[in-house]
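Participant: Go by the hints and put chain B onto chain A.
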Amino acid sequence: EAQVTQNPRYLITVTGKKLTVTCSQNMNHEYMSWYRQDPGLGLRQIYYSMNVEVTDKGDVPEGYKVSRKEKRNFPLILESPSPNQTSLYFCASSKEGFYGYTFGSGTRLTVV
Amino acid sequence: GNSVTQMEGPVTLSEEAFLTINCTYTATGYPSLFWYVQYPGEGLQLLLKATKADDKGSNKGFEATYRKETTSFHLEKGSVQVSDSAVYFCALSEPFNAGNNRKLIWGLGTSLAVNP
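If you read the protein sequences in the order shown, they are chains A and B.
Each step along the first sequence adds one to the number in our numbering, with nothing skipped, and position 7 is 36.
Each step along the second sequence adds one to the number in our numbering, with nothing skipped, and position 44 is 480.
Bound conformation, chain A alone:
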């Protein structure tokens, strides 16, 4: 089944403790992206990747890192999480943007 798999689904952590949210797709898509979803602000892009070793900032990249060492994986790294990063995170992949995007099930992160 074609899918984007994110882990974990839920995570509660403490301020400053490094964490990684994993994202993997099995569709051989070049393009992958991370979004965060917040009430009243909608979905905002954090980082994106056009292909292996090609990544760039989206609209809200502060406090996040990404890497793209393999085509299928695009982890999101929070080196020192803070409470303002409490949010619902989605990973997405696409072959070409106009075909649409496949999203993971989301990761609900709470930083206390």
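FYI, nobody ran anything at the bench for these hints, they're computed from the structure.
Positions of the beta carbon are idealized from the N, C-alpha and C atoms, including for glycine.
Any given hint could turn out to be false.
Unchecked claim - Now the in silico label distances, taken between C-beta atoms and shown as ranges:
no., chain 1, residue 1, chain 2, residue 2, range
1, A, E108, B, E452, 48 to 54 Å
2, A, V81, B, Q517, 40 to 46 Å
3, A, R137, B, G437, 25 to 31 Å
4, A, T42, B, E452, 28 to 34 Å
5, A, Q32, B, F454, 30 to 36 Å
6, A, G45, B, P552, 28 to 34 Å
7, B, S521, A, M79, 32 to 38 Å
8, A, G45, B, A453, 47 to 53 Å
9, B, R503, A, G69, 24 to 30 Å
Unchecked claim - Examples of chain B residues toward chain A, derived with CB under 7 Å:
no., residue
10, F470
11, G479
12, L480
13, L482
14, K504
15, R538
16, K539
17, W542
18, L544
As the list claims (entries may be wrong) - From the derived model, a few chain B residues whose C-beta atoms are all more than 12 Å from chain A:
no., residue
19, Q442
20, F454
21, N458
22, T464
23, T487
24, S494
25, K496
26, T506
27, N551
Facilitator: Just chain B now, with coordinates in the frame of chain A:
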């Protein structure tokens, strides 16, 4: 810059009622347009899409037509069901050009509740 505006919710309907959720956009060039749906506690699913003017996207009884003259992509369904209760997002994909990251520009979502 590019933007998407969709009607605010929540929208509450009775089963079998007609649904319209308005979506208008601002974009240079010819974006692709999408409707995504988010069921309670779940991720985002592509509901339908249209890639050029006058295209009609359709899926699961939902339809939307890409209207360039009115820059709109309104979502419609003739007879909603309780199972259609969800949040609906209108989005556009910026036209691809050099340096463009193909990100999605999102509306804020419209919550739909369908009562039996």
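Participant: Hint by hint, say whether it matches the structure.
Facilitator: Hint check results:
{"no.": "1", "hint": "A:E108 - B:E452: 48 to 54 Å", "result": "holds (52 Å)"}
{"no.": "2", "hint": "A:V81 - B:Q517: 40 to 46 Å", "result": "holds (43 Å)"}
{"no.": "3", "hint": "A:R137 - B:G437: 25 to 31 Å", "result": "holds (29 Å)"}
{"no.": "4", "hint": "A:T42 - B:E452: 28 to 34 Å", "result": "violated (46 Å)"}
{"no.": "5", "hint": "A:Q32 - B:F454: 30 to 36 Å", "result": "holds (33 Å)"}
{"no.": "6", "hint": "A:G45 - B:P552: 28 to 34 Å", "result": "violated (48 Å)"}
{"no.": "7", "hint": "B:S521 - A:M79: 32 to 38 Å", "result": "holds (37 Å)"}
{"no.": "8", "hint": "A:G45 - B:A453: 47 to 53 Å", "result": "holds (50 Å)"}
{"no.": "9", "hint": "B:R503 - A:G69: 24 to 30 Å", "result": "holds (28 Å)"}
{"no.": "10", "hint": "F470", "result": "holds (6 Å)"}
{"no.": "11", "hint": "G479", "result": "holds (4 Å)"}
{"no.": "12", "hint": "L480", "result": "holds (4 Å)"}
{"no.": "13", "hint": "L482", "result": "holds (5 Å)"}
{"no.": "14", "hint": "K504", "result": "violated (15 Å)"}
{"no.": "15", "hint": "R538", "result": "holds (3 Å)"}
{"no.": "16", "hint": "K539", "result": "holds (5 Å)"}
{"no.": "17", "hint": "W542", "result": "holds (4 Å)"}
{"no.": "18", "hint": "L544", "result": "holds (5 Å)"}
{"no.": "19", "hint": "Q442", "result": "violated (10 Å)"}
{"no.": "20", "hint": "F454", "result": "holds (26 Å)"}
{"no.": "21", "hint": "N458", "result": "holds (16 Å)"}
{"no.": "22", "hint": "T464", "result": "holds (15 Å)"}
{"no.": "23", "hint": "T487", "result": "violated (5 Å)"}
{"no.": "24", "hint": "S494", "result": "holds (14 Å)"}
{"no.": "25", "hint": "K496", "result": "holds (15 Å)"}
{"no.": "26", "hint": "T506", "result": "holds (21 Å)"}
{"no.": "27", "hint": "N551", "result": "holds (24 Å)"}
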